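K.L.:
Here are the chains, one letter per residue:
There are 2 protein chains.
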Amino acid sequence: MADDTTIQRAGDDGREEEDFALDRDLVDRIVAAADAGDAGQLKDLMAPLHAADIADLLEQVSAAERREILLLWGSEMDGDVLSELDDSIREEVIGTLPKHVLAEAVRELDSDDVVDLIEDLEKPQQAQILGALDAGDRAAVEQSLTYPEYSAGRLMQREVVTAPEHWTVGETIDHLRRDEELPDQFYHVILVDPGHHPVAYVTLGKLLSSRRDTALKDITEDSFRTISARQEEGDVAYAFNQYHLISAPVVDDDNRLVGVITIDDAMSVLDEEHEEDILRLAGVGDESSIADTVIETVRQRLPWLGVNLCTALLAASIIGLFQDSISHLVALAVLMPIVASMGGNAGTQTLTVAVRALATRNLTENNVLRVVRREAMVGVLNGLVFALLLGVVAALWFAMPELGLVIALAIIINLMVAALAGILVPVVLDKLGADPALASGTFVTTLTDMVGFFAFLGLATLVLL
Amino acid sequence: MADDTTIQRAGDDGREEEDFALDRDLVDRIVAAADAGDAGQLKDLMAPLHAADIADLLEQVSAAERREILLLWGSEMDGDVLSELDDSIREEVIGTLPKHVLAEAVRELDSDDVVDLIEDLEKPQQAQILGALDAGDRAAVEQSLTYPEYSAGRLMQREVVTAPEHWTVGETIDHLRRDEELPDQFYHVILVDPGHHPVAYVTLGKLLSSRRDTALKDITEDSFRTISARQEEGDVAYAFNQYHLISAPVVDDDNRLVGVITIDDAMSVLDEEHEEDILRLAGVGDESSIADTVIETVRQRLPWLGVNLCTALLAASIIGLFQDSISHLVALAVLMPIVASMGGNAGTQTLTVAVRALATRNLTENNVLRVVRREAMVGVLNGLVFALLLGVVAALWFAMPELGLVIALAIIINLMVAALAGILVPVVLDKLGADPALASGTFVTTLTDMVGFFAFLGLATLVLL
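So the protein lines, in turn, are chains A and B.
When you line the first sequence up against this note's numbering, it's residues 1 to 465, in that order.
When you line the second sequence up against this note's numbering, it's residues 1 to 465, in that order.
By construction, these hints were calculated from the structure, which means they are not laboratory data.
There may be inaccurate statements among the hints.
Unchecked claim - Take a look, some chain A residues computed to stay more than 12 Å from chain B by CB distance: (1) Asp86; (2) Glu122; (3) Gly131; (4) Asp184; (5) Val371; (6) Asp449.
Unchecked claim - Label-pair restraints from in silico Cβ distances: (7) Gln126(B) / Asp193(A): 21 to 27 Å; (8) Arg299(B) / Leu49(A): 18 to 24 Å; (9) Arg212(B) / Ala36(A): 50 to 56 Å; (10) Glu149(A) / Arg178(B): 46 to 52 Å.
Stated by the list, open to error - Below are the DMTMM-like pairs computed for lysine to aspartate or glutamate, each with C-alpha atoms no more than 20 Å apart in a straight line: (11) Lys217(B) / Glu165(B); (12) Lys217(B) / Asp184(B); (13) Lys431(B) / Glu402(B); (14) Lys431(A) / Asp23(B); (15) Lys43(A) / Asp222(B); (16) Lys217(A) / Glu232(A); (17) Lys431(B) / Glu180(A); (18) Lys431(B) / Asp222(A); (19) Lys217(B) / Asp25(A); (20) Lys43(A) / Glu68(A); (21) Lys431(A) / Asp25(B); (22) Lys217(A) / Glu149(B); (23) Lys123(B) / Glu165(B); (24) Lys431(A) / Glu365(A); (25) Lys43(B) / Asp25(A); (26) Lys43(A) / Glu119(A); (27) Lys217(B) / Glu232(B).
None of the values given here were measured: they were computed from a predicted structure.
Every residue gets a Cβ at the ideal spot worked out from N, C-alpha and C, and that includes glycine.
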């Protein structure tokens, strides 16, 4: 057992071996066993794997291999594997499972995992899974589904551990020992008043280390905060990260306890939000996954490439205004992409920092003016440095000092614009309620392309021709 | 108390109000109190704030305001606020604190927080803080500092709760009740053998809900994994997220228990790694913060803009080869940035998905070939769509059907190159041990710029002139 459970493969074989990634050799053997139709060997090979690793395995093999594996091993499927699967694969997998296997699998899950599992499924599949649950569990899941998507109500588990506020440590422990249906994981006992409003909580560590006659209310935690079931899940994840929460009670509009959110759920949300940010910044649909099909991928990427085509045409039309200048001096055509590219890069740098700072609540009304001033200064300084460099290069390359002067001025203008747009565009989008990660990049680079071409070609036309 | 601790401001006033962000009005009042030199009011205003919010406050105000606040309120500073501060501000704040305040502040912290606090400080400040600790704590911190930066050894806290493997629940609870120095937060009791090797763990929930005569070894968890103190912290965060760990024992090279890592530490690392990825993808120094000074910011951004200047010059030199063609047909200068820009965007989309998939271990040797094939197909399909669109636009714009054909071919070539480069560049960089987030973007867009210009201008020269 010791070897299986020790996470320390890196030391022996250096960076070559991906730590924690599924062993290629093992994947090959599993696929081979599935190919050979050897159900027994397949089960033996997959038995020691963690649910999360089985889900990764199913995502990494081809669709045909996945079908083979599910055919032979599907009856072993448990709810945790389903929970871990990527959305794009999950529906397909659920579709292939025999009804009784699926029913068995979902019955072991906590209510929050069932909600997570079914909220993106088609109605018939949803009904099938709900039908497999006990009446009580089904009611809990259906209740959670009444909360808006991406809300705390969807994220919470209904299973809570509570105690009346007047209890002692001893009474609480006796109660826990009698309770047959404790959640798999819990970290606090929540103190509730007679109206079932949460008023405080006690960590299990304090419970264990306090004398039996200690009153619960004497060992409560300062960190206690409740979360509204309507709160957005992104805000919940932020609160967990900011205030180092481990679990937090969730309340309804009347402030009554309806569930609890634990840190592992918050960590998953944080991870998803980051993924969304990074994919949106790149203009990729935020549901993109390496397991998507070709058609899904094309469908996700076409829209932003289409937007980019429009903005590129816009920038090209600026160049079109100066065709005469270019035909007089072809050097302009050679140098103009440099001005646009430097602006685009500087703008992307600034906007990425701004988008991150907005996401982590570090860029607020309190400091936005100071940050804008700082970015403008940075733009000017960077502009001066590269104006000098590029001015000299251009003047020497085409043996035209005036050309060096023109490109130097254009660079300064464009890096200033890049700095200001890089900070103002995301701030304004955020203020308007749009996701700054989604659209900032296109706005900013379109602007720097257009300003870059216009400033350079316009100045050249004035000064050189 | 109820109002202070309820996280549900959003419902009342919609998206306008940033949830959890520091209230602007409160910040204004705090700054006003500091300006007025009213230490009493300042303390009253800041007393209810969480340490993380005080840290945010200090980061958001200007340097002058920060000095004023620290002068009047600094004696209230506690260790948690120091822990939460951004690196760039932390050094400055520590420098302003009276010695006894600093000593008091660090003494309350767990060993992992002290390590995190001092590892980036200059030697004299490090020595000052180490000097403030008790001998035992100092030894623990110094021991942690012997592990490499960004390793599990730096991340772990030394305070662990253990029990001999043969104990019962009753014996363990009695022991915990006697122990005066339990960590603030702990989630498992770790079972150790006589050689102090961890062999299993028991959740506090199980301890509380089991009868006193239950043997600990009958209620251990399957999720038990140990982490090597030399493991990279990024791998540790991945393991926590992948396997839903709450805490994990850390062992030295002889497999002896040396500490424990908890999920909140892993969550912070995950957050930092994401931040690094997103900033590196944008070519911004990964330590960038909205609180940096102008000079720091310029210093971080100049290098990548410099790299971009070189690659832009490279692309310009390709255009330089075709000056004759451009002077014959200025339309080429108008259209060529579109080909480059579409390629750059498509390449960035693919590489972002690839970088994410590498970071989450979803792109591995098991599926890289299939993913490359898929991306190539996506490139071809996107290429065909935009070739058609842009071909028609160009042919109509300049009334030259052959020009439409040339740009259509160039777009297909460039989107194919973008797709392949977008996946292969990050995979190869990762294989070579480089961070794919750091350099992929520059490689890929340089390639798509050069190929875009070369394919379009080259084909035009062959076909049209």
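K.L.:
For each hint, tell me whether it holds in the structure or not.
P.N.:
Hints and how they fare:
Chain B draws Asp86(A) into its interface by the beta-carbon criterion, the shortest separation being 8 Å against a cut-off of 12 Å. Once the 12 Å rule is applied to beta carbons, Glu122(A) is consistent with being away from chain B; the minimum gap is 25 Å. No beta-carbon of chain B comes within 12 Å of the beta-carbon of Gly131(A); the shortest separation is about 27 Å. Not every C-beta of chain B lies more than 12 Å from that of Asp184(A), the closest at about 8 Å, which undercuts listing it as non-interface.
The claim that Val371(A) lies off the interface is violated: its Cβ sits roughly 6 Å from the closest Cβ of chain B, which falls inside the 12 Å cut-off. A Cβ of chain B approaches the Cβ of Asp449(A) within 12 Å, the least distance being about 7 Å, so the stated non-interface status is violated. About 49 Å separates the C-beta atoms of Gln126(B) and Asp193(A), a value inconsistent with the hinted range of 21 to 27 Å. Distance hint check: the CB atoms of Arg299(B) and Leu49(A) are about 47 Å apart, inconsistent with the given range 18 to 24 Å.
The beta-carbon spacing between Arg212(B) and Ala36(A), approximately 52 Å, falls within the hinted interval of 50 to 56 Å. Evaluation of the 46 to 52 Å hint for Glu149(A) and Arg178(B) yields a pass: the beta carbon distance comes to about 49 Å. For the proposed pair Lys217(B) and Glu165(B), the alpha carbon gap of about 7 Å is at most 20 Å, so the pair holds. Between Lys217(B) and Asp184(B) the alpha-carbon distance is near 25 Å, which puts this suggested pair outside the 20 Å criterion.
For the proposed pair Lys431(B) and Glu402(B), the alpha carbon gap of about 43 Å is over 20 Å, so the pair is violated. Between Lys431(A) and Asp23(B) the CA atoms are separated by roughly 16 Å; this keeps the pair inside 20 Å, and the hint holds. Pair hint Lys43(A) plus Asp222(B) holds up; C-alpha atoms about 19 Å apart against a cutoff of 20 Å. Of the supplied pair hints, the one linking Lys217(A) and Glu232(A) is violated, its CA atoms being roughly 30 Å apart against a limit of 20 Å.
Simply put, Lys431(B) and Glu180(A) have alpha-carbon atoms about 50 Å apart, too far for the 20 Å limit, and the pair is violated. Distance check on the hinted pair: Lys431(B) and Asp222(A) sit about 47 Å apart at the alpha-carbon level, beyond 20 Å; violated. Of the supplied pair hints, the one linking Lys217(B) and Asp25(A) is violated, its CA atoms being roughly 34 Å apart against a limit of 20 Å. As the CA atoms of Lys43(A) and Glu68(A) are separated by approximately 13 Å, the hinted pair is consistent with the 20 Å bound.
In summary, the hint linking Lys431(A) to Asp25(B) is supported, as the alpha carbons are separated by about 18 Å, within the 20 Å threshold. For a cut-off of 20 Å, the pair hint linking Lys217(A) to Glu149(B) is broken: about 41 Å separates their Cα positions. Between Lys123(B) and Glu165(B), the direct Cα distance comes to roughly 42 Å. Violation of the 20 Å bound is thereby established for this hinted pair. Between Lys431(A) and Glu365(A) the alpha-carbon distance is near 10 Å, which keeps this suggested pair within the 20 Å criterion.
A threshold of 20 Å between alpha carbons decides the hint, and for Lys43(B) with Asp25(A) the separation of about 62 Å lies outside it, so the pair is violated. Between Lys43(A) and Glu119(A) the alpha-carbon distance is near 30 Å, which puts this suggested pair outside the 20 Å criterion. At most 20 Å may separate the alpha-carbon atoms for a hinted pair to count; Lys217(B) and Glu232(B) exceed this at roughly 30 Å.
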